[in-house]
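K.L.:
Position chain B against the provided structure of chain A, taking the given hints into account.
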Amino acid sequence: QVQLQESGPGLVKPSETLSLTCTVSGGSISSGDYYWTWIRQHPGKGLEWIGYIYYSGSTYYNPSLKSRVTVSLDTSNNQFSLKLNSVTAADTAIYYCVRRSRVDFAFDIWGQGTMVTVSS
Amino acid sequence: QSALTQPASVSGSPGQSITISCTGTSSDVGGYNLVSWYQQHPGKAPKLMIYDVSNRPSGISNRFSGSKSGNTASLAISGLQAEDEADYYCSSYTSSSTYVFGTGTKVTVL
Numbered sequence: 011q012v013q014l015q016e017s018g019p020g021l022v023k024p025s026e027t028l029s030l031t032c033t034v035s036g037g038s039i040s041s042g043d044y045y046w047t048w049i050r051q052h053p054g055k056g057l058e059w060i061g062y063i064y065y066s067g068s069t070y071y072n073p074s075l076k077s078r079v080t081v082s083l084d085t086s087n088n089q090f091s092l093k094l095n096s097v098t099a100a101d102t103a104i105y106y107c108v109r110r111s112r113v114d115f116a117f118d119i120w121g122q123g124t125m126v127t128v129s130s
Numbered sequence: 005q006s007a008l009t010q011p012a013s014v015s016g017s018p019g020q021s022i023t024i025s026c027t028g029t030s031s032d033v034g035g036y037n038l039v040s041w042y043q044q045h046p047g048k049a050p051k052l053m054i055y056d057v058s059n060r061p062s063g064i065s066n067r068f069s070g071s072k073s074g075n076t077a078s079l080a081i082s083g084l085q086a087e088d089e090a091d092y093y094c095s096s097y098t099s100s101s102t103y104v105f106g107t108g109t110k111v112t113v114l
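Chains A and B supply the protein sequences, listed in that same order.
Sequential numbering from 11 applies to the first sequence in the working numbering.
Sequential numbering from 5 applies to the second sequence in the working numbering.
Possibly wrong hints are sitting among the right ones.
In the SDA-like style, the derived pairs of lysine to any residue whose C-alpha atoms are separated by at most 25 Å in a straight line are [unchecked claim]:
#1 K51/B - G18/A
#2 K51/B - G42/A
#3 K51/B - V113/A
#4 K23/A - T80/A
#5 K51/B - Q11/A
#6 K76/A - G37/A
#7 K72/B - G47/B
#8 K110/B - G42/A
#9 K55/A - T102/A
#10 K48/B - G42/A
Since the hints were derived computationally from the structure, they do not count as laboratory data.
Next up, chain A with everything else stripped away, as it sits in the complex (with noise of 0.2 Å):
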């Protein structure tokens, strides 16, 4: 059973940057069948997609923080991570590691999400 959990910190400051992780269990990250991926959800908000990496090293992002994001592998870990940098209060959110399949173009299984303050 493929699991994926997030960790980091709850609280970064104004402009500086934000760091996450998302270690996968049950599977491997190197599987070529998924796009792993960064979801977020504002408080009391909708979904909002960030961007997803694949195996190869492809990435793919929101048009909209495209500017600001990193999303890369680490699979001697099973990890992948999100990097935002010059955060504002604005990108106080949940933030969601979830699996993309490569055939299905679904987000079927989702991390527990964590919850990120931006605030000095």
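P.N.:
Coordinates of chain B only, in the frame set by chain A:
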């Protein structure tokens, strides 16, 4: 990319059927059969309910069904149960190789 449009709320009595719409454009919903639906209970992560417009993952009740016509996709829930009370989001792949989510619909079981 603009969010897909969903009704803010839909309600129904136990046993009834309801439908949630999800309206996009020809660059997303209308252009691909790659619409998915997610159920989210308070404080929980979303859960995949429908993928590729009308397919159910293993373990999802056949009370949930999906369809699409033009730029609008729909999620139908039949035999409404108390446990169906949740927020529902649609999502679509887009012509820019990105994803867009719907605005979300709160389903209330009366």
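K.L.:
Against each hint, give a clear statement of whether it holds in the structure.
P.N.:
Going down the list of hints, with the structure as the test:
1. Restraint check for K51/B and G18/A: the C-alpha separation of about 23 Å stays at or below 25 Å, so the hint holds.
2. For the suggested pair K51/B and G42/A, the alpha carbons sit about 23 Å apart, so the restraint of at most 25 Å is met.
3. For the given pair, K51/B sits about 18 Å from V113/A by alpha-carbon distance, which is consistent with the 25 Å threshold.
4. Distance restraint check for K23/A and T80/A: the Cα-Cα separation of roughly 18 Å lies within the 25 Å cut-off, and the hinted pair is therefore satisfied.
5. Among the hinted pairs, K51/B with Q11/A is consistent with the structure: their alpha-carbon atoms are about 15 Å apart, no more than 25 Å.
6. About 28 Å separates the Cα atoms of K76/A and G37/A, which puts this hinted pair outside 25 Å; it is violated.
7. Taking the CA atoms of K72/B and G47/B, the gap is about 30 Å. The hint is violated against a cut of 25 Å.
8. Of the supplied pair hints, the one linking K110/B and G42/A is violated, its CA atoms being roughly 36 Å apart against a limit of 25 Å.
9. Annotation: proposed proximity of K55/A to T102/A holds, straight-line Cα distance about 11 Å (limit 25 Å).
10. Between K48/B and G42/A the alpha-carbon distance is near 28 Å, which puts this suggested pair outside the 25 Å criterion.
Hint compliance for this structure: hints 6, 7, 8, 10 are not met, and every other hint is.
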